[in-house]
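Start from the sequences, fold in the hints, and give me the full structure.
Heads up: the sequence lines are chains G and E, in that order. Residue numbers are given in my numbering: position 190 of the first sequence equals residue 190, and the series is strictly consecutive. Each position in the second sequence, counted from 1, maps to that position plus 427 in my numbering.
FYI, nobody ran anything at the bench for these hints, they're computed from the structure. Among these hints, one or two may not hold up.
Said to hold, decoys possible - Examples of chain G residues toward chain E, derived with CB under 8 angstroms:
#: 1; residue: Y89
#: 2; residue: K140
#: 3; residue: R151
#: 4; residue: E299
#: 5; residue: T357
#: 6; residue: F361
Unchecked claim - Below 25 angstroms or equal to it, Euclidean Cα-Cα: the simulated SDA-like pairs (lysine to any residue) are:
#: 7; chain 1: G; residue 1: K246; chain 2: G; residue 2: P268
#: 8; chain 1: E; residue 1: K602; chain 2: G; residue 2: E299
#: 9; chain 1: G; residue 1: K301; chain 2: E; residue 2: K549
#: 10; chain 1: E; residue 1: K542; chain 2: G; residue 2: A295
#: 11; chain 1: G; residue 1: K78; chain 2: E; residue 2: K712
#: 12; chain 1: E; residue 1: K829; chain 2: E; residue 2: T758
#: 13; chain 1: G; residue 1: K5; chain 2: E; residue 2: S540
#: 14; chain 1: G; residue 1: K139; chain 2: G; residue 2: L198
Beta carbons are placed, not taken as given, at the ideal position from N, Cα and C, and that holds for glycine.
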Amino acid sequence: MLNRKSVPDITDAVKFQLSLPPYQKISLQNGVEVFLMDMGTVDTLMMNVVFYAGNCFEEQNLIAPATNFMLKNGTRSKNAYEINEYFEYYGSYLNRSAGHETAELTLHCMKKNFNELLPLVAELITDSVFPEEELQIYKKNMQQRLQVNLRKNDFIAGRLIERYLFGANHPYGRYSSMEDYEVLQIAGLRDFYNKYYLGGRCLIFIAGPLPADIETLVESNFGSLPLGGSEKPPLPLTALEPEKEKKFRITNDSESVQGAIRIARNFPNRHHPDFQKMQVLNNILGGYFGSRLMANIREDKGYTYGIHSYLMNLTQESALMISTEAGKEVTEETIKETYLEMKRLCDEPVTEKELKTTRNFLIGTLLGDLDGPFQVAGRWKSLILNGLTDEYFYNGIETIKKIKPAELQELANKYLNPSDFYELVVF
Amino acid sequence: MHIDFKKFTLSNGLRFIVHEDHSTPMAVLNVLYDVGARDEDPGRTGFAHLFEHLMFGGSVNIKDFEEPLLMAGGENNAFTTNDLTNYYIQLPAENIETACWLESDRMLSLAFSEKSLDVQRKVVCEEFKEHYINRPYGDVAFKLRELAYKKHPYRWMTIGQELAQIENAKLSDVKAFFHKHYCPANAILVMAGNIQTDRALALAEKWFGSIPAGEKYIRQLPVEPLQDAARVLEIKADVPLDALYKAFHVGSRTDKSYYAMDLIGELLGGGGSSRLFQSLVKEKKLFSNIECYHFGSSDPGLLLIEGKLIRGESMKTADAAIMEILDKLMTTTVEEKELMKVKNKTESAILFEDMSLMNRASNLAMYELMGDVGYMNTELDKYLEVSSGEIRDLSNIIFDEKNCSSLFYYSNN
Numbered sequence: 001m002l003n004r005k006s007v008p009d010i011t012d013a014v015k016f017q018l019s020l021p022p023y024q025k026i027s028l029q030n031g032v033e034v035f036l037m038d039m040g041t042v043d044t045l046m047m048n049v050v051f052y053a054g055n056c057f058e059e060q061n062l063i064a065p066a067t068n069f070m071l072k073n074g075t076r077s078k079n080a081y082e083i084n085e086y087f088e089y090y091g092s093y094l095n096r097s098a099g100h101e102t103a104e105l106t107l108h109c110m111k112k113n114f115n116e117l118l119p120l121v122a123e124l125i126t127d128s129v130f131p132e133e134e135l136q137i138y139k140k141n142m143q144q145r146l147q148v149n150l151r152k153n154d155f156i157a158g159r160l161i162e163r164y165l166f167g168a169n170h171p172y173g174r175y176s177s178m179e180d181y182e183v184l185q186i187a188g189l190r191d192f193y194n195k196y197y198l199g200g201r202c203l204i205f206i207a208g209p210l211p212a213d214i215e216t217l218v219e220s221n222f223g224s225l226p227l228g229g230s231e232k233p234p235l236p237l238t239a240l241e242p243e244k245e246k247k248f249r250i251t252n253d254s255e256s257v258q259g260a261i262r263i264a265r266n267f268p269n270r271h272h273p274d275f276q277k278m279q280v281l282n283n284i285l286g287g288y289f290g291s292r293l294m295a296n297i298r299e300d301k302g303y304t305y306g307i308h309s310y311l312m313n314l315t316q317e318s319a320l321m322i323s324t325e326a327g328k329e330v331t332e333e334t335i336k337e338t339y340l341e342m343k344r345l346c347d348e349p350v351t352e353k354e355l356k357t358t359r360n361f362l363i364g365t366l367l368g369d370l371d372g373p374f375q376v377a378g379r380w381k382s383l384i385l386n387g388l389t390d391e392y393f394y395n396g397i398e399t400i401k402k403i404k405p406a407e408l409q410e411l412a413n414k415y416l417n418p419s420d421f422y423e424l425v426v427f
Numbered sequence: 428m429h430i431d432f433k434k435f436t437l438s439n440g441l442r443f444i445v446h447e448d449h450s451t452p453m454a455v456l457n458v459l460y461d462v463g464a465r466d467e468d469p470g471r472t473g474f475a476h477l478f479e480h481l482m483f484g485g486s487v488n489i490k491d492f493e494e495p496l497l498m499a500g501g502e503n504n505a506f507t508t509n510d511l512t513n514y515y516i517q518l519p520a521e522n523i524e525t526a527c528w529l530e531s532d533r534m535l536s537l538a539f540s541e542k543s544l545d546v547q548r549k550v551v552c553e554e555f556k557e558h559y560i561n562r563p564y565g566d567v568a569f570k571l572r573e574l575a576y577k578k579h580p581y582r583w584m585t586i587g588q589e590l591a592q593i594e595n596a597k598l599s600d601v602k603a604f605f606h607k608h609y610c611p612a613n614a615i616l617v618m619a620g621n622i623q624t625d626r627a628l629a630l631a632e633k634w635f636g637s638i639p640a641g642e643k644y645i646r647q648l649p650v651e652p653l654q655d656a657a658r659v660l661e662i663k664a665d666v667p668l669d670a671l672y673k674a675f676h677v678g679s680r681t682d683k684s685y686y687a688m689d690l691i692g693e694l695l696g697g698g699g700s701s702r703l704f705q706s707l708v709k710e711k712k713l714f715s716n717i718e719c720y721h722f723g724s725s726d727p728g729l730l731l732i733e734g735k736l737i738r739g740e741s742m743k744t745a746d747a748a749i750m751e752i753l754d755k756l757m758t759t760t761v762e763e764k765e766l767m768k769v770k771n772k773t774e775s776a777i778l779f780e781d782m783s784l785m786n787r788a789s790n791l792a793m794y795e796l797m798g799d800v801g802y803m804n805t806e807l808d809k810y811l812e813v814s815s816g817e818i819r820d821l822s823n824i825i826f827d828e829k830n831c832s833s834l835f836y837y838s839n840n
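Quick look at the structure:
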């Protein structure tokens, strides 16, 4: 007779040997560093071209994302339509993204078309012309998008909480306005491009089942481009200016049926010895479906569709963020219960059973998260851009496997005091 | 890329598919139930989706679904559409039996707890508010469905027509729904990843094979009558920009016209070189964004175009500009290079989608639901066969103005 009452034998996930497959690094003639991750069974490739051209280098708000966006909108030989058509003809995707420190171009393509696509990627990064008309379209469309977003409480809450945490002048706290878009000028974009793309530091990450001649391919397409060397530009450091006031209730739309809630505190970056331990504590608090916040506020009380906590993925500074949208009439209850869950972590040690569950979940999902070349490349890119090595990765695993309930409780008492948290509701 | 699989029928009739992939340390257990929002009764909509939430509230022998799964290093989720409900668990392959244990017990029977129903009603209401009420243009999808469908249950959204219908759900409804739809006769089970087929089959038979087969649900849905006149709905709302939506009736996912229809969608709205984007956003500057998409639904569906107008442009001009683009598809044959482009994009999209083990597992189940799991490996060929003549002929059927429902959504400020 089948025993449906008890769990079949489980192999504890903490027993799995996790490893981060190594990369191969080559330096091109012009100093550009290339990180190759040759693995995978499906004939698709991903290439990230990373520049130190994020918004921390801006002298004018939005220059970094606008420059990054416009890289795909015209070179000396091709207009925006022809560029799009070229990438799309080969079924490839060329995406742009600009963060705080770095800005990237990312190519996803079928392996068989890689050779055809590299020259155009090289052209975009060294031969972009920033047509005036394209900038006008970009400004208008971004302004319209912003107008729609400003009607969403969740969007407003996301902007404001970062401003409170980091300050209006900090690259992590600055946000866009209609006026910021209005005053963007081609000259500003071209200067930024010359300084931080052509003259800046470039790193390339390529992952997938790589072609045999990958080194030659990369050298011939990127090695002789007039790009800045391998020297990392010093990050312009802006002092944090956290908001003094801690509690905010803001009305964005008088007919709101939900409030967007953020509860957050500043937290040091990945180099701080508490960071990886805090990731474990965070996971118990609100890091996954079975977390205490979800169990209490969604699965017991039904106040929200979801509540999550996380350490922000930032380089210079981080923050512990709790985020949810809850029914208008239960927002204050939601905040109260959130503090209650923090207090429980301060007052009572996590049980061995809950900790074991957390360990197994974290290791098991990490195993899944590393499944595939693009995932491995993403992991390496994050380590490298944060000035870390695989030692950090393996330390993280050790932390998950070994951290003790007493350490977690100590950590909770150090970092989960309500008076340290900003509290924001946008209705 | 060819996806290898083996198909079996367990002793109770449950369809079971195994896909081995030894390049991954993971395994996925995917269960698809052949029930979606289209199977709900009018007036009690949103139930299939609410029910999906209740599937996590404990089963007959297992009080807590989540904890043992976490202990096994697994994660899981589910989704409901108008057509189907799909559940998946991904975990280290060594622990696949834990997934079988959990998933088979909730196929056997749920705990049917009053508390779980009470909480999940609230959770779903918050989900409804978060996605459809508390955001600009949140009601569009509801209005468009009601405009385009008069008889077929696609006229309501998966989340439900209105909050009140979800709030009224009773435990007796939950039980009846479970017994009608959640049984081996109405399910497809897939095991994928780092597992040998014979072990997979043994585990499936052990945990699922003895569950009573249940009764096969025979779907008898009202057929949507042919639309014989253009429909227009105008709305004024507190939104920042005017927006324009057009919905055209198209064939079902299994209709032979599906592949040409999908390519038409790509020609119109797929990416920066697509016709709508290039002409209306870049050249004429009438829209700040415009998209074209469809849901690949099991019954005859909709091809939708939606865009937000540049402030100051008139709805009439914008609408006429869209019609001009559609007219060109009806009268001029698409050139070989452009057709090749959308076929290449499709080839690439399939390849990227199949990189994920989880996608492969759920796609195998969906193709089996469509009629044959083997379609998984013949899809691309069907796209490659589409000719420019078919694109033009089908465009003439789809973009007939009598087949169109337009929603003009005006900003009142």
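Outcome of the hint check:
1. Of the supplied interface hints, the one on Y89(G) holds, with its beta-carbon coming within about 5 angstroms of a beta-carbon of chain E, less than 8 angstroms.
2. Annotation: K140(G) was flagged as interfacial toward chain E, and the flag holds, the nearest CB pair being 7 angstroms apart, inside 8 angstroms.
3. Contact between R151(G) and chain E, as hinted, is supported at the beta carbon level, the nearest pair being about 4 angstroms apart and thus within 8 angstroms.
4. The beta carbon of E299(G) is positioned within 8 angstroms of a beta carbon in chain E (closest approach about 6 angstroms), and the interface hint is therefore held.
5. Taking 8 angstroms as the C-beta contact cut-off toward chain E, the hint placing T357(G) at the interface holds, the least distance being around 5 angstroms.
6. For F361(G), the interface hint holds, since its Cβ comes within 8 angstroms of a Cβ in chain E; the closest pair sits about 4 angstroms apart.
7. Proposed proximity of K246(G) and P268(G) is supported: the alpha carbons are some 19 angstroms apart, at most 25 angstroms.
8. Between K602(E) and E299(G) the CA atoms are separated by roughly 20 angstroms; this keeps the pair inside 25 angstroms, and the hint holds.
9. Our distance criterion of 25 angstroms between C-alpha atoms is met by K301(G) and K549(E), whose separation comes to about 8 angstroms.
10. This hinted pair checks out: K542(E) and A295(G) have alpha carbons roughly 14 angstroms apart, not beyond 25 angstroms.
11. This hinted pair checks out: K78(G) and K712(E) have alpha carbons roughly 20 angstroms apart, not beyond 25 angstroms.
12. Pair hint K829(E) plus T758(E) holds up; C-alpha atoms about 17 angstroms apart against a cutoff of 25 angstroms.
13. Restraint check: the Cα-Cα separation between K5(G) and S540(E) comes to about 18 angstroms, which is no more than 25 angstroms; the hinted pair holds.
14. For the hint linking K139(G) to L198(G), the alpha-carbon distance of about 24 angstroms falls within 25 angstroms, and the restraint holds.
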